[in-house]
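According to the working numbering, the sequence shown holds residues 196 to 370 in order.
Errors might be hidden in some of the hints.
[Stated by the list, open to error] Distance condition first, Cα-Cα at most 20 angstroms in a straight line; then the derived SDA-like pairs of lysine to any residue:
no. : residue 1 : residue 2
1   : K317      : V367
2   : K317      : R290
3   : K365      : L342
4   : K317      : A341
5   : K317      : P360
FYI, nobody ran anything at the bench for these hints, they're computed from the structure.
The model shown is predicted, which means the values in this text are computed figures rather than measured ones.
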Amino acid sequence: MKWPRPYRRAFASSGVSMLNRVGLIMRGLAAVLLVLVSARVAAAEEKRLPVPAVSIRAGELIRDDMITERAFAPNLLGVAMFIEGRQVLVGRMARRALLPGQPIPTNSVEDPWTVARGAMVKVVVEDSGLSIVTYGSAMQSGAAGALIPVRNTDTGVIIRGVVQPDGTVKVVDGS
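Build out the structure end to end from the sequences listed, making use of the hints.
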């Protein structure tokens with residue numbers, strides 16, 4: 196095939212054949228297509244995580260209106276474990292300050308305390324149908340099911356017990 200004179204001059208002067216130019220154009224289109232596909236795959240792999248909408252102080256109960264969602268690139272999340280569901284956060288208590296827009300590590304929240312440190316609690320000891328009730332001072336805060344030390348107010352002896360849902364502390368065997 197013979198090209199018209201102006202095109203022959205352009206190709207001849209550049210030293211590049213028509214076949215090479217077509218190859219360059221095809222490689223360029225393939226590169227653009229690869230970039231578009233990888234951008235679409237990256238957008239599909241984004242992970243949406245719950246984040247605080249406002250600053251949440253340590254010890255504060257987390258309400259639904261304090262949480263929003265934000266998309267994160269999977270490679271920015273690193274190896275740390277973050278809370279992935281809003282329902283896991285609502286009604287729990289922050290163990291440390293949580294900053295707006297930042298993902299929340301799993302160890303940053305806990306169940307709300309049933310017993311606060313320093314509070315007077317009812318201590319129950321049960322054994323073979325015998326039940327002894329006394330009062331003590333909680334030496335540590337704890338949620339239901341937590342094992343905490345309690346100082347007996349009468350004797351000063353420190354015992355360990357499991358916090359019950361009603362706020363009493365049941366002494367475990369061997370304490």
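Hint-by-hint comparison with the structure:
Distance restraint check for K317 and V367: the Cα-Cα separation of roughly 14 angstroms lies within the 20 angstroms cut-off, and the hinted pair is therefore satisfied. Taken as a hint, the K317 and R290 pair is broken in the structure, with Cα atoms around 26 angstroms apart against an allowance of 20 angstroms. Between K365 and L342, the direct Cα distance comes to roughly 9 angstroms. Compliance with the 20 angstroms bound is thereby established for this hinted pair. Distance restraint check for K317 and A341: the Cα-Cα separation of roughly 15 angstroms lies within the 20 angstroms cut-off, and the hinted pair is therefore satisfied.
In summary, the hint linking K317 to P360 is supported, as the alpha carbons are separated by about 12 angstroms, within the 20 angstroms threshold.
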